[in-house]
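Protein sequence lines, in the order shown, are assigned to chains E and D. Each residue of the first sequence is one higher than the last, beginning at 141 in my numbering. Each residue of the second sequence is one higher than the last, beginning at -6 in my numbering.
Don't read these hints as lab results, they were simulated from the structure. You may find that some hints are simply not true.
[Said to hold, decoys possible] Subject to a maximum C-alpha distance of 30 Å in a straight line, what follows is the list of computed DSS-like cross-link-like pairs (lysine-lysine):
(1) E:LYS435 x D:LYS180
(2) D:LYS5 x D:LYS69
(3) D:LYS146 x E:LYS435
(4) E:LYS435 x D:LYS69
(5) D:LYS168 x E:LYS435
(6) E:LYS435 x D:LYS236
(7) E:LYS159 x E:LYS175
[As the list claims (entries may be wrong)] So these bits of chain E aren't anywhere near chain D, every CB distance computed over 10 Å:
(8) GLU264
(9) LEU300
(10) LYS406
(11) HIS426
(12) PRO484
Quick reminder that beta carbons are idealized off the backbone N, C-alpha and C, glycines included.
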Amino acid sequence: MVEKLVQSIDRLWIHNESKDSELIQRLVALFPNNKITFVDSQPLIESSGEMSARQYNQSKRELFITPFRGQFFKRCPGASQKKTLTCCNYHILNLGQQCNMNCSYCYLQSYLNTPVMTIYSNIEMALAELEEMTPSKGTMALRVGTGEVIDSLSLDPLTLYSRRLIEFFNQHPNWVLEFKTKSANVDQFLDCHHKGNTVVSWSINPQAVITHEEHGTATLEERLAAAERCVQKGFPVAFHLDPMIYHPEWQNNYENLIRELTSRFKHKDLHGVTIGTLRFQPEQRHMMRERFGMKSWVTQAEMFPSESGKIRYDSQLRTTMFRFAVDTFKKYSDWPVSLCMETPESWIATYDKMPSQMEEFKATYRPLRATAPTATP
Amino acid sequence: MTRLIPIHNCQKNLDFNPETPWTHSLPTYCFENELLCGFERTEGVAIELQTAGLIEAFKAVYPQLGFFELARLSKKFASTPNLKKDLWSHYGYHWKENLEVLIDEIVKLPLDTQRWLQQKKLAPQDLAPLRSLPQQEILEWVWPLMMNPIFSKSDLSQILELVVELTLMEVPREKLVTGASTPQWIKSLKQLRYPQTSSSDGLGDQKIRTIAWPLRSEARWARRGDLSGVELKLFFSHPQELKRSIERLQQVCDDLQTNSAYEDLWSKN
């Protein structure tokens, strides 16, 4: 896997301030010399602002390692839209940005403006930032994900950051760490001792959607097999059917997926299941159209502006899709299913109530006082 | 010291087809033998501007330039990328690769079309769909149809995006021209682009129109972004009339809740 990742990257840019880091010692040993360039500032900055489709495509092949000077730990962007979205108090820890996979709907297409994939070399600063929160938040059931603006695990065979994070969270058993991925890269941390508070989660879709829209990601079978390996080692797993994508045969395909999931995993192994439907910023449509044409189920979808500012499927279609997924999970399991970044109207339409009124979600969705700044997207 | 250079000794490499001809009463200007204006003139002299650079000279002669004029001028600087970036920034635009991609497309449009779109003040973001087409010539048929005074800037940007998307979806051109050059055109393009939603909205409208709404009220099925529903206008000239309307509305409400004919308006199972 490491070799494949190295091959997929055209150039490794290393900020001189990172060169003494543990990460660079490892990467320099993995990458051929002719791919490595040391720099004093961010490379390939010909212009700032939105990237062209060509620049965006190329950014997935340029890896930049640099220290991060800002705040690593933030609240999920859903928290800043409480008037229009129902928030589950998720927190995010950003250890880099951009992704080496290529989903047609990826929101990073409207979010990123740097033409490189970035990994921060100073993970110890990120952990120190978290450590500083121990006195005030040590006993809180803080949920922290690392897969917001970068896939948690797709580049992890290069960085091995998962191992550092698991070790850190072992010292904070009340906190939950979530790796969110569309890869099958788990073997690099499966031997780590853990306290059951590291959740490995997959964004999943039927294989038809993966083939059509989630380019360069692991197949459904590879993801599920990786999840099974995690369960065998005692790691709780989670699944995010997000974004659900309307397509011909969507009901059959999602039913088959849910049947497969519920037959291969047990409720006791599960940290949670969320569902969400396709959504993106309106300006993203141009980049998607340029990069994926109009044969994609995402670009040709019938989408409309919603109150949150993103464009979404017609609200009745969303409700139909949510109800279908929830009912299908009920048909095959007793798994609780929550909605991700959805409006109160969608909760009511799906469950006839808000998550705060539901026993299984009450704790997760309770109002939380501000613990960290909110991320931008 | 101001230098006067005979126009016939000046180069006209920078003729970018300005929107309006250079005013007859104004002198001609040049910068290092490159004519900056009055490109149609063949006689007389040009005043050489003593500015720091060519772009400053342009800015002095043309304090404002439209996007399409800038695009044409920018192409003249193809071999000098720094001058090109400088040009855009002097006129308040942030140069980026996406802008370059767009310029490459729009300068291929017939000059008349460029002028029309400039007159309608279409901005780079309105023209962004053009970046998606592998061959912009595919759209040649659409420009004459768009050059119709009935269309506003918003209409034009909608038409362009719809036509580009439908073209990429391989919808035959004969379907795209149905109702062309009329206000109905956008509606027919939307029906092609959003067939399921248009069909269910159309069905909703039909059903809503069969309901006996209160006297002097208007009801229609409306779409507001991702939501669709009934838009109701009520008029009354006396409180008694309002009371009767409310009573009637209550009956309509009961009917909408209990009559199975209306069930599919609220949920698409």
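Going down the list of hints, with the structure as the test:
no.	hint	verdict
1	E:LYS435 x D:LYS180	22 Å, holds
2	D:LYS5 x D:LYS69	11 Å, holds
3	D:LYS146 x E:LYS435	28 Å, holds
4	E:LYS435 x D:LYS69	36 Å, violated
5	D:LYS168 x E:LYS435	19 Å, holds
6	E:LYS435 x D:LYS236	54 Å, violated
7	E:LYS159 x E:LYS175	15 Å, holds
8	GLU264	36 Å, holds
9	LEU300	35 Å, holds
10	LYS406	31 Å, holds
11	HIS426	4 Å, violated
12	PRO484	13 Å, holds
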